[in-house]
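Participant: Here is how the chains run, residue by residue.
Number of protein chains: 2
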Amino acid sequence: MEKESTRKIEVRQKVLAANEEAARELRRRFELRGTAVVNLISSPGSGKTSLLEATLPRLQGYAVGVLEGDIATERDAERIRRLGVRAHQILTGGACHLDARQIDRELAISGMEGFDFLFIENVGNLICPASYDLGEDFKVALLSVTEGDDKPFKYPGIFSRSAVSVISKCDLLPHVRFDLRSVEDQIRSLNPSVQLFRTSAQTGEGIADWCRFLSDWLETKRGRSGA
Amino acid sequence: MEKESTRKIEVRQKVLAANEEAARELRRRFELRGTAVVNLISSPGSGKTSLLEATLPRLQGYAVGVLEGDIATERDAERIRRLGVRAHQILTGGACHLDARQIDRELAISGMEGFDFLFIENVGNLICPASYDLGEDFKVALLSVTEGDDKPFKYPGIFSRSAVSVISKCDLLPHVRFDLRSVEDQIRSLNPSVQLFRTSAQTGEGIADWCRFLSDWLETKRGRSGA
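So the protein sequences, as listed, match chains G and P. Those letters in the first sequence? Residues 24 to 250, per my numbering, in order. Those letters in the second sequence? Residues 24 to 250, per my numbering, in order.
Honestly, the hints are just simulated from the structure, not real lab data. Just so you know, these numbers come straight off a predicted model, no measurement behind them. It is possible that part of the hints are untrue.
The list treats identical chains as one, so a pair stands whether inside a single copy or across any two.
[Stated by the list, open to error] The calculated DSS-like cross-link candidates involving lysine-lysine, where the alpha carbons are at most 30 Å apart (straight line), are:
1. Lys-26 x Lys-244
2. Lys-26 x Lys-37
3. Lys-26 x Lys-177
With the rest of the complex left out, here is chain G (with noise of 0.2 Å):
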């Protein structure tokens, strides 16, 4: 077994370079279009989906992708189609995350492209994606109150490689024992350079100021690009 956990690093490190030069070429492809990508990343169940749903009819204007990523169902894509806007559900049959190569396949497998945004909501896992560029802008880790919290110095990885932290649920915070400050420090030494959103799909808290930002992102990049 020692031989096979040394195989096993072997070749994920071979898979982790391949993903990381595919997503390089994927974030090529990204910039030229001027199409800002975001990739979401949360347990199961923190309110990615949910999130997504407060968002998307607050851009309106911008032309909006979403590939969803799931073990399993076509639910949360079809959650999406409700509200009008493209989605492509990706099955990962058991995969716990998505990678490079499989978001390059499911572009071309779905003709989605040319959007001004596109959402990819990762595998429900705080772990695994972390390791895999999707040829993103950001990554955007998402924990809601109900989690405990103790989990980003628990979860380190993932904090630290996310521009972007959201607190999700935040309308159940009367019903929770939730430390929001901390939480909030314990993300912020992870990294310092991070942004933070309080949010509540419920009641709409936070909503509209990471819709700014989104959209704030996403002209500072055209500008940039002089796209």
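Got chain G sorted already, so can you dock chain P onto it with the hints?
Facilitator: The following block gives chain P in isolation, referenced to the frame of chain G:
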């Protein structure tokens, strides 16, 4: 990358086969000592440690040990030790699950043995730990009512492989949209013989039933093996 993917799958199969072997050996040892071993699996923040905090004071009269799996921090083992129960923290670095060799090694390091009950709290992840047998009597899948009622069908692997499923944080039911019946139906369709519990570590709901199930299990096991 296709070649790397194929090699990744081959290595993974060998790692899983080696894990199966180590798990069989562990299971033989646990059987010999009459230890009931419970492998707790869920998303981060579904309440695995809280369930243990509610459970352990009710198992007085039994010798109990807890192995805590986390990527980082000693917090969970500290929480268990505060109850006067022996706990050993396993830090995986970045790994997304525990494996049988690791359990063997960490039991030796910590000198933990001869328990009536050994609880293994896996790394917070609803996907990867499902594939790794730790020599346990059974897996327990936890799902909290704040995570959304679409989860069993979205994560079929773990719910089909867990002899027990616990719906946790039931005290929060009045504050969230969560169709309990639908969730239980999904779980039963994935595993018709599943043992289901509805619990709240806050109010104590369901904890007595769950603890009775545990002590019955141990007695049946020992009756069966004549221990």
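Participant: Hints first: check each against the structure and report whether it holds.
Facilitator: Now for the hints, and whether the structure bears them out:
no.	hint	in the structure
1	Lys-26 x Lys-244	neither (46 Å within a copy, 36 Å between copies)
2	Lys-26 x Lys-37	both (17 Å within a copy, 10 Å between copies)
3	Lys-26 x Lys-177	within (29 Å within a copy, 34 Å between copies)
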